[in-house]
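If you read the sequences in order, they're chains A and B. For the first sequence, numbering that gives the first Met the number 0 gives the first residue as 0, with consecutive numbering after it. For the second sequence, numbering that gives the first Met the number 0 gives the first residue as 0, with consecutive numbering after it.
Simulated from the structure, these hints should not be mistaken for laboratory data. Take the hints with a grain of salt, since some may be wrong.
Selected chain A positions facing chain B (Cβ under 10 Å, derived; list incomplete) [unchecked claim]:
#, residue
1, 24
2, 27
3, 172
4, 173
5, 174
6, 270
7, 271
8, 357
9, 358
10, 360
Where is the CB? At the ideal position from N, CA and C, for every residue including glycine.
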Amino acid sequence: MNGSNLLNITPYPGLSALLLFLLAALFLYLARTPARAALLALGDALYRTFRLAAVTFTRGGENLAKRNREVLLAQGREATERAIEREFQRVESSVRKELADYPAFHRRLSESITAIEEDYERTRDVPPSPPGWVPAVQAVAEIPKADAMVARVLDDIHGSLKKIEARAITEYRADSRQRHHLLKRAMPHWRALLASLASVDKKLQRLLDRAVAIDRHMNDFEEINKGSDRAVRMLSSSSLSQFFISLFVLGIAVGGAIINFNLIARPMSEMVGGTAMIGGLRIADIAALVIILVEISMGLFLMESLRITRLFPVISALDDRMRVRMIWITLFLLTSLAAVEAGLAFMREILVQDELATAAMLRGEDPAAFQPRFLWITTAAQMGMGFILPFALTFVAIPLETFIHSLRTVLGLVATALLRSFGTLFRVLARFMRGSARFLAAAYDMLIFLPLWIEERVLAMRSGNGGLKARRAS
Amino acid sequence: MMRKLILSGCIVLLAACSQGSTMHNRGVYMLLDTSGTYTEELDKAQQIISYVLTRLNPGDAFAVARIDTGSFSEKDIIAKVVFDDRPSAANQQKRVFQEEIKSFVESVRSAPYTDITGGVLLATEYLNEHPSGQKTILVFSDMKEDLAEGFIRDIPFALDGIEVVAVNVTKLRSDNLDPREYMDRLESWQQRVEDGGGTFRVINDLDRLEQLLQ
Numbered sequence: 000m001n002g003s004n005l006l007n008i009t010p011y012p013g014l015s016a017l018l019l020f021l022l023a024a025l026f027l028y029l030a031r032t033p034a035r036a037a038l039l040a041l042g043d044a045l046y047r048t049f050r051l052a053a054v055t056f057t058r059g060g061e062n063l064a065k066r067n068r069e070v071l072l073a074q075g076r077e078a079t080e081r082a083i084e085r086e087f088q089r090v091e092s093s094v095r096k097e098l099a100d101y102p103a104f105h106r107r108l109s110e111s112i113t114a115i116e117e118d119y120e121r122t123r124d125v126p127p128s129p130p131g132w133v134p135a136v137q138a139v140a141e142i143p144k145a146d147a148m149v150a151r152v153l154d155d156i157h158g159s160l161k162k163i164e165a166r167a168i169t170e171y172r173a174d175s176r177q178r179h180h181l182l183k184r185a186m187p188h189w190r191a192l193l194a195s196l197a198s199v200d201k202k203l204q205r206l207l208d209r210a211v212a213i214d215r216h217m218n219d220f221e222e223i224n225k226g227s228d229r230a231v232r233m234l235s236s237s238s239l240s241q242f243f244i245s246l247f248v249l250g251i252a253v254g255g256a257i258i259n260f261n262l263i264a265r266p267m268s269e270m271v272g273g274t275a276m277i278g279g280l281r282i283a284d285i286a287a288l289v290i291i292l293v294e295i296s297m298g299l300f301l302m303e304s305l306r307i308t309r310l311f312p313v314i315s316a317l318d319d320r321m322r323v324r325m326i327w328i329t330l331f332l333l334t335s336l337a338a339v340e341a342g343l344a345f346m347r348e349i350l351v352q353d354e355l356a357t358a359a360m361l362r363g364e365d366p367a368a369f370q371p372r373f374l375w376i377t378t379a380a381q382m383g384m385g386f387i388l389p390f391a392l393t394f395v396a397i398p399l400e401t402f403i404h405s406l407r408t409v410l411g412l413v414a415t416a417l418l419r420s421f422g423t424l425f426r427v428l429a430r431f432m433r434g435s436a437r438f439l440a441a442a443y444d445m446l447i448f449l450p451l452w453i454e455e456r457v458l459a460m461r462s463g464n465g466g467l468k469a470r471r472a473s
Numbered sequence: 000m001m002r003k004l005i006l007s008g009c010i011v012l013l014a015a016c017s018q019g020s021t022m023h024n025r026g027v028y029m030l031l032d033t034s035g036t037y038t039e040e041l042d043k044a045q046q047i048i049s050y051v052l053t054r055l056n057p058g059d060a061f062a063v064a065r066i067d068t069g070s071f072s073e074k075d076i077i078a079k080v081v082f083d084d085r086p087s088a089a090n091q092q093k094r095v096f097q098e099e100i101k102s103f104v105e106s107v108r109s110a111p112y113t114d115i116t117g118g119v120l121l122a123t124e125y126l127n128e129h130p131s132g133q134k135t136i137l138v139f140s141d142m143k144e145d146l147a148e149g150f151i152r153d154i155p156f157a158l159d160g161i162e163v164v165a166v167n168v169t170k171l172r173s174d175n176l177d178p179r180e181y182m183d184r185l186e187s188w189q190q191r192v193e194d195g196g197g198t199f200r201v202i203n204d205l206d207r208l209e210q211l212l213q
């Protein structure tokens, strides 16, 4: 029975619709109490379920955030410890170096001071001041020379006095020259002294700079140890920037690896065959990829052995002799692989030329016409790239380590944000479900407004308005 | 013991992962019609062979055979090769192959009859002996079969997974008089090939050779 048939229960569709509406209203009125209870119970159940989910997600987010904070602080503590350790090592090496030079420096300083002192002492011997020869000579010259004998004697005296005066002045000048000479000789000592002191000043300044850096790291360390919000914010921000920077550098490294792969994949087919396949991939491609991955692994081990990165605690914990051996072994393997790659790059160029010549011959053209004039340039460039790229890929270890360390933080932040978002979403859904159930209950009453109105009238007649109000309130 | 077990496991895993290279290889068999005046078209066939050689890779198989009075014979195979795994060796094989074809074209003699069916049967046999992922028979002919007395060629083909491409199907004088003859001829060949489980195409425009091997 469809809707149009229902409207045919009486000859008048309008009347049929009215009758149907009244019947439906009556049915709904009779079922009102259980229907409302069911709707409200459903809303309540959904509300509780979503609320529970919201609480679970929120708590999960909080727990994760707490865990992230701990991890972040632990990482920050470790990084700061490493930084402080490194600064102290630098201070230690600097002090050791300077102290090793200290006896020589002290001796140089003492020698300079002694030399200056001696020269100074010598300059303290004041030269005799030139006697008052000039007035004496002048006085003798002014004596009247009436008698010839007296005049001769006086001239003799005058001459002698002039000679003595000249000698005294010469001696005075010699003494003064000597003093100046001594003072001049002291100049290099002064300069050496100044240079030594300037060098000491520079070294001390460097130490002071280191001390400032250590102070800064120590402050950070204290903040981290206290677990302050500032430290967490600082570490989070640092981790995020490190993540993106390392991601960028890793992207560049991947580009380098792809170029490297293209350099050696083609000639690899000469070594392992160009048709065999494993899992849909050509063995030649797999072999080229394996060579590149082995090179990257060697680079990682080299960086670990050099203690530039700390991805493998086992390598870091090796004793120094073993570590040095490992450095040489990995370097040797890396160089060998680089040489192999250079050879393969050379082979690649030969293959390309061979293929070009064959294709030209098949087209009926002269193969010699396809020999480029500057072939050696591309060959040399390819060989150079084949040799250098493995060493360049070695440095992937540094951004890789940073990426791995910062990835934990970034993933933690993302997961926390997701959990919190889900928590909020489910809280909103819980509210919506409860509100919807109430709205549906109210809408149900709206559909049966007529029986409800009648009920209200009847009850009002029976017990008056007060009773009705009490019922409504209940 | 444990080490041996791990090693065996790795070998089994690798063997499971490994896939025959034959699935990626290609087998091409080309039939050259040498009957009547069609030998004048063999220069074009040489171009097609050169093109096919440029498209084939290490591991692929290629054979060229002539269509003459009785084509179901290994003697009719002019040159055949399975290209080496190494690209340099494969290039060398291509050069040798082309030289063989060149010397054949220079010394070919016209055959009085045209046994295309025998050639297709021989091609099918050859391609099935060299399992490959993609099998193609190129028929460089006007597709007009003219059998000598005593030759029985009313044999159904077994061309599962094989594509037959008729190349340079020239129109005969009789076709010019009644084009239906040409169309019926091609249709009958298509019917025979498809009944045998293969697919059939015609390429007459030699400027579009890139469609030859799809």
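Cross-check of the supplied hints:
1. 24: Check failed: Cβ of residue 24 (chain A) comes no nearer than 71 Å to chain B, outside 10 Å.
2. 27: Nearest chain B Cβ about 67 Å off; hint violated.
3. 172: With Cβ-Cβ at 97 Å, over 10 Å, it is violated.
4. 173: violated, 96 Å
5. 174: Not OK, violated: residue 174 (chain A) not within 10 Å of chain B, min 97 Å.
6. 270: holds, 8 Å
7. 271: Cβ of residue 271 (chain A) sits 8 Å from chain B, so the hint holds.
8. 357: Constraint on residue 357 (chain A) satisfied, holds at 4 Å.
9. 358: Since chain B brings a Cβ to about 5 Å from residue 358 (chain A), closer than 10 Å, the hint holds.
10. 360: With Cβ-Cβ at 6 Å, under 10 Å, it holds.
The structure shown violates the earlier hints numbered 1, 2, 3, 4, 5.
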